[in-house]
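As you go down the protein sequences, you meet chains V and Y in turn.
Everything in the first sequence is counted per the numbering used here, starting at 1 for the first residue and increasing by one.
Everything in the second sequence is counted per the numbering used here, starting at 1001 for the first residue and increasing by one.
Hint data in this document are derived by calculation from the structure and do not stem from the laboratory.
There's no promise every hint is true.
[Stated by the list, open to error] For lysine to aspartate or glutamate, the following EDC-like pairs were computed, each having C-alpha atoms within a straight-line distance of at most 20 Å:
no., chain 1, residue 1, chain 2, residue 2
1, V, K118, Y, E1189
2, V, K315, V, D372
3, V, K154, Y, E1295
4, Y, K1114, Y, E1189
5, V, K310, V, E357
6, Y, K1194, V, E183
7, V, K118, Y, D1192
8, Y, K1194, V, E77
9, Y, K1107, V, E77
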Amino acid sequence: MNFHDPASAAAAGTEPASPLEPARPPLIRFENVTKTFGSFTAISDLNLEIREHEFFSLLGPSGCGKTTMMRLLAGFEEVTSGRILLDGQDLTGIPANRRPINMMFQSYALFPHMSVAKNIGFGLKQDRWKKRDIQDRVDEMLALVQLEGFADRKPHQLSGGQMQRVALARSLAKKPKVLLLDEPLGALDKKLREETQFQLMDVQERLGLTFIIVTHDQDEAMTVSSRIAVMKAGKLLQTDTPARIYEHPASSYVADFIGNVNLINIELAGMDGGLALARWDGGTRLAIRPQPEDVLTPGARKTLVLRPEKIHVTKDRPAEAPNVNMVEGTVEEISYTGSASTFLVRLDGGMLIRAQEANRLLTSRREVDWNDRVWLSWRAGACVLVDE
Amino acid sequence: MRTPRKLLILTPYLWLGLFFLVPFLIVIKIALSDSVTASPPYAPAFSLDDGLAGLRASFAALDFENFLWLAEDGIYLKAYLNSVKVAAIATLLTLLIGYPVAYAMAKAPRDWRKTLLLLVILPFWTSFLIRIYAWIGILKNEGFLNLALMKLGIIDQPLAIMHTELAVYIGIVYSYLPFMILPLYASLERIDGKLLEAAEDLGCSAFAAFRQITLPLSLPGVVAGCFLVFIPAIGEFVIPDLLGGSGTLMIGKTLWLEFFSNRDWGVAAAVAIVLLTILIVPIVLFQRHQQKHQEELG
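All chains should be built: construct the whole structure from the sequences, respecting the hints.
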């Protein structure tokens, strides 16, 4: 994200390039892409690079432009300005049926009048493959998605999960350079969704393809992707690995969009050793271990990003230490989710903080209860600063 | 509780029995009777005047003479065959015209579709008979069509369309077009646009996608539309009578002639029953198809 010149970014790559494996040019490149529908701007001057073999997620709320990005790639929409390159080739003007990119649709879009085998072989038939070769590839694909024996079924005879797998097999049959997946697991129930996520990752790894997935489900994006682009209103807010997105969000919006978070407005006071000191509204002093890229001007107002699971909830005051922050408050609400409990704690200054503890003990032995006075504590290295 | 529910179920059966089955039995009975110059113009007329013996004698007098007559005189067979031919060709023409119309309607912007649908149904607001009479005004030798073509200098002799089979085709296609368009539109409009995108994504040209996706998925509409046109067109009487000439032999007209001109109710009834038997085949096929389609939709 530090590189603003796409050429130098391509040359240097985001990861350190080893001398044995020279950094490859990106497989897909969005160059200043803008897409408008009438007066509505769906994508606004967007630059993005996606490398080969990536499992890349476009994540954002509905209407953020992620589906438009996918439709631009597939060729169902043309860019208003800018261009999209695939393997260095400009895709402008190349119709959807001539792009080496296939798509798995959200609703699966299986052809209802064709058998499973005909559906999977459809793309091959368009390319005038020989009957026997089609048969072989269809069998291979059926094995890949574990649907052997379903070749002659019609889509309406399949369960939701099976339809999803047929759709996957159909979109992979032509061995596209890029597979686009539009909310691929949206219609499945939670348990099946988790299973299918791992199946998708497995397939992607085995075939060595580039997958681009559009989703509004952050858990899904976190689980499957090698990199995530968080979008809002036609712009990319942050493009990074799931861990970086979660732990080092570039803005409070990204922090808030991914997972639960406490966003605390603070004012920087100064430095003490390696730690930044800050004051928050109540005057409480906080210690924060800054990131190398942080610009720390005393007096600057920033937002502290503090994840609930990084906060300890104890009845006794924890031991004082320079790198430990602590505040006192009253438990207002406890929500139990099985593996963890989330405590809503009202600080004496009036602010509500969300803290999460793993349920290491049975709930009956839990020492913290409703209306208890508790101490919340977290280490200086457990939180990050973003611009207000 | 029980009785009212049974009554509710019974009502349609009573309706069908009273207004369909009983009249149909009467028609069968007339078809089996002999033609006489009397009122009613057939014998025997069942009556209870002579008691049970009289009724038994009446039953004994019924025979299949009228049906044999239909088989002997080639004119009836010709009329049946010609009706089937005219109905089949008219159905095909209606399909060829109706499909593009229905397709354009289904592809039109959503806001327009209701209006377009209304326009298709609009002719029904005018009497069928009046619309056919209007076609006489258009097609006759000094009608609108010929006058316009002659004014434009395309022809200098009026085209003889009126009182030909062509006029009958024009009449049938015009009158039955909505029955073709409506089921076609219904099945075309239901097709998920994502299917065509998927086909395109997998390498189809627009035409290939139409041939492999749209056309097969609209087939239920094609079948329904064809039956809805073909079945009534076979027995059509008004259009061949008003627009066709004496050369246009159709069974509906033959039936009318037997009934009103010849006053041979027996033969007319026999013609009607044979027509019904011919129609039962496509009707049963149609029902089968609809049922299968329903099952496929799950």
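Original post:
Which earlier hints turn out false for this structure, listed by number in ascending order?
Top reply: Hint 1 contradicted; others consistent.
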